[in-house]
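What follows is the residue order along each chain.
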Amino acid sequence: MRRILKKIMVTVTALPFALGLSMANADTIRIALAETPSDELAAFFVALDRAKANGLDYEWTAFADEELAIQAVLSGQMHIGFGTPYAAMQRSKAPLRILFQLSKLKFFPVTTKTYSKLEDLDGEPILLHSRGGGTDAIANVIESRLGLTFGDRSYVPGSANRVAALLGGRADATIIDLSNKNKLMRSEAGANFNVLEMFDVEASDEALFGNLDWIQQNEGDVQIFVDALLSVYRDMHEDPTIIRRETDPDGPIGQLPEEILAELDGFYADAVEAGLYDADGGGRTAAMADLEWYSAAGQLEGDPSMLNIEDFWYLKPLDAAMQ
Amino acid sequence: MMNRSLSLKVLSAVILFGAWEIAGHIPVSFAFPTFMESMGALMRMMGDGTMLDAYAETLKPLAVGIAISAVLGIAIGVWVGLSRFFDWLFSPIFIVMQAAPLAALIPLLILAYGIGLTSKVLVVCIMAMPVIVLNTAGAVRNTPDSIKEMGRSYLATDLDIILKIIIPAASPVIFAGLRLGISAGFIGAILAELKITPTGVGDIITYSRSIADYPSMYAAIFSIILLAVLFLNLLERVEAALFKGNQRGYASD
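For the protein sequence lines, the chains are A and B, in the order given.
The first sequence runs 1 to 323 under my numbering.
The second sequence runs 1 to 253 under my numbering.
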């Protein structure tokens, strides 16, 4: 009995050291994705391939949602994450910084034919992604800018699910992303729905962020990564078809079903046209837009003009890549 | 002088919350608040009515689901325990229900029953009912034959034997099943609110997480655990009152 206990004690004490050592040796960047690889991540994976060619060693883990990805970076299990952790940066005092704007909050209010402009939605129920999420923020800003108040807000995560609710007649108004809007409006059912005109949003939907201490200790790797992202985003704006061409057929995107891969060119052509991506990785413009947007949306506290973008963005790698 | 059982309970609570407080101060993660911060958030949410509104929403599927599971579960369990045929008919269903990875099956439930209360009640029932049914059936089946025979020799009817012999004899295990089932029901209610549509306590958890208000998130989780513990203690009292002399002591004493 005593021998067994002793063995257990030895294992328990040795385990953290063994794990710690193996982690310290591995110079691999651990990336926390906020969703499983899909067409929307194709450009990101092309950038990862380019970075790998320049010597970046990485591994990625897909989390079920953005908040889990943020928490994994907060706790140090992951180095780089996907999302817009403004609230976490301000509230938890964690030294997180954004490096690159991956996509903008391009969402579209879609309704049945009953409504033809945003003002018509005053007092009407609306279907959104989640409380406190991006579409909720858009709804808040629509309310404050146009001086209206939506009726009951109900929440169904996932644009595709909200489209299903719209088609099933369980909702009359919702806010959905670009690719689902295009799919819906180009389908036969599209004739039954309106896409309402909305102001332009420059704020980030997804951004790349990491722990500042880690970023500063790994400047070289971070630089390779940001360089690769910027080059892909610029090339994509010149020719959206490079994403399909450069996608590694054995990678996570290349393994997606053929029907999805066949639509990649269309997806990126639409996205570039609609301004979903910023060819310069966002930078200061995006940072300012984000502070204003997320303050209006209730994720950040305080006057946006008093907030310092350096507290939220680490611009050095992007500035260097731009030169 | 406190009795031993109570002082041990208080001691273990102090150790647990003390460890939580220390872990929050280290901190183990920026996303992990201290015990005091969480309790502050809990008090604030109870004060401004957020918690009350949330529980009004969460208790709907929870109460309905647990009531259905308890009543139907014990009834089916007794039946299954008494009859070989119903054992053959029903047991496999509940064994499959218990083993099924529910979180993965939720999309199927949504497909069939929508995103409303029905789906959430079903999640609670699927979590709670199998343990209750299987425990009850097992207990009923294992009632000692000798006391049943004794009943018969005193000319008891079948109903008398069920109500006065089998159920009291099976009560400790039935209640053990109820406790396990109801704790699983609490898990189910929160699972439903996290996975189907965020309402009530599930909404506080997801919303606080999305705005990085971690003390509120942990306060909501803490409150549901507290409620579950209180409810299970209440159940223990009910058992003690109903079946005096039959209980055999529990770890939670």
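Errors might be hidden in some of the hints.
To be verified - Pulled from the structure, derived: some chain A residues nowhere near chain B, Cβ distances all over 12 Å:
1) Glu35
2) Pro37
3) Asp49
4) Ser75
5) Ser103
6) Asn161
7) Ala191
8) Met198
9) Val201
10) Asp239
11) Glu273
12) Glu301
13) Asp311
Said to hold, decoys possible - Derived Cβ-Cβ restraints for the label pairs, each shown as a range:
14) A:Asp120 to B:Leu89: 53 to 61 Å
15) B:Leu235 to A:Gly251: 23 to 31 Å
16) B:Pro92 to A:Gln217: 50 to 58 Å
17) A:Ile260 to B:Ala104: 19 to 27 Å
18) A:Arg3 to B:Leu194: 24 to 32 Å
19) A:Ser75 to B:Ala99: 29 to 37 Å
20) B:Ala56 to A:Ala189: 44 to 52 Å
21) B:Pro101 to A:Gly168: 20 to 28 Å
22) A:Ile309 to B:Arg237: 31 to 39 Å
23) A:Asn308 to B:Gln98: 53 to 61 Å
As the list claims (entries may be wrong) - With a Cα cut of at most 20 Å, we get these calculated EDC-like pairs of lysine to aspartate or glutamate:
24) A:Lys93 to B:Glu21
25) A:Lys93 to B:Glu37
26) B:Lys195 to A:Asp280
Please keep in mind that the hints were generated in silico from the structure rather than gathered at the bench.
Quantities reported herein were computed from a predicted structural model and do not represent experimental measurements.
For each residue, glycine too, the CB sits at the ideal point set by N, CA and C.
How the hints compare with the structure:
Under the 12 Å C-beta cut-off, the non-interface status given to glutamate 35 of chain A relative to chain B holds; the minimum distance is some 15 Å. In this structure proline 37 of chain A is separated from chain B by more than 12 Å, as the shortest Cβ-Cβ distance comes to about 19 Å. Taking the minimum C-beta to C-beta distance to chain B, about 31 Å, the non-interface status of aspartate 49 of chain A holds against the 12 Å cut. Not every CB of chain B is more than 12 Å from the CB of serine 75 of chain A (nearest about 4 Å), against its label as outside the interface.
Every C-beta of chain B lies more than 12 Å from that of serine 103 of chain A, the closest at about 18 Å, which supports listing it as non-interface. A Cβ of chain B approaches the Cβ of asparagine 161 of chain A within 12 Å, the least distance being about 9 Å, so the stated non-interface status is violated. For alanine 191 of chain A, the shortest C-beta to C-beta distance to chain B comes to about 26 Å, beyond the 12 Å cut-off, and the non-interface label holds. Consistency note on methionine 198 of chain A: stated as away from chain B, and its beta-carbon is indeed over 12 Å from all of that chain's, at 22 Å minimum.
Against chain B, the non-interface label of valine 201 of chain A holds: every CB pair exceeds 12 Å, the least being about 18 Å. Here aspartate 239 of chain A stays apart from chain B, with its beta-carbon at least about 36 Å from theirs, past the 12 Å limit. A cut-off of 12 Å between C-beta atoms confirms that glutamate 273 of chain A is not in contact with chain B; the least separation is 30 Å. Not every Cβ of chain B is farther than 12 Å from the Cβ of glutamate 301 of chain A; the closest lies at roughly 10 Å, contradicting the non-interface assignment.
With a cut of 12 Å on Cβ distances, aspartate 311 of chain A stays outside the contact zone with chain B, its closest approach being about 14 Å. Range check, aspartate 120 of chain A to leucine 89 of chain B: Cβ separation about 56 Å, and the 53 to 61 Å hint holds. Between leucine 235 of chain B and glycine 251 of chain A the CB atoms are about 53 Å apart, so this pair departs from the stated range of 23 to 31 Å. Between proline 92 of chain B and glutamine 217 of chain A the Cβ separation comes to about 57 Å, which falls inside the hinted range of 50 to 58 Å.
In this structure the supplied range 19 to 27 Å holds for isoleucine 260 of chain A paired with alanine 104 of chain B, their Cβ-Cβ distance being about 22 Å. For the hinted restraint 24 to 32 Å between arginine 3 of chain A and leucine 194 of chain B, the CB-CB distance of approximately 45 Å leaves it violated. Look at serine 75 of chain A against alanine 99 of chain B: about 32 Å separates their beta carbons, and that is inside 29 to 37 Å. Judged by the Cβ atoms, the range 44 to 52 Å given for alanine 56 of chain B and alanine 189 of chain A is violated: they are separated by roughly 37 Å.
The given range of 20 to 28 Å is respected by proline 101 of chain B and glycine 168 of chain A, whose C-beta atoms sit roughly 27 Å from each other. In this structure, isoleucine 309 of chain A and arginine 237 of chain B break the distance hint of 31 to 39 Å, their C-beta atoms being roughly 59 Å apart. One distance hint, 53 to 61 Å for the beta-carbon pair asparagine 308 of chain A and glutamine 98 of chain B, holds here, with the actual separation near 54 Å. Between lysine 93 of chain A and glutamate 21 of chain B the alpha-carbon distance is near 18 Å, which keeps this suggested pair within the 20 Å criterion.
In summary, the hint linking lysine 93 of chain A to glutamate 37 of chain B is supported, as the alpha carbons are separated by about 15 Å, within the 20 Å threshold. Straight-line distance between C-alpha atoms of lysine 195 of chain B and aspartate 280 of chain A comes to about 37 Å, which puts the hinted pair past the 20 Å bound.
Of the numbered hints stated above, those contradicted by the structure are hints 4, 6, 12, 15, 18, 20, 22 and 26, listed in ascending order.
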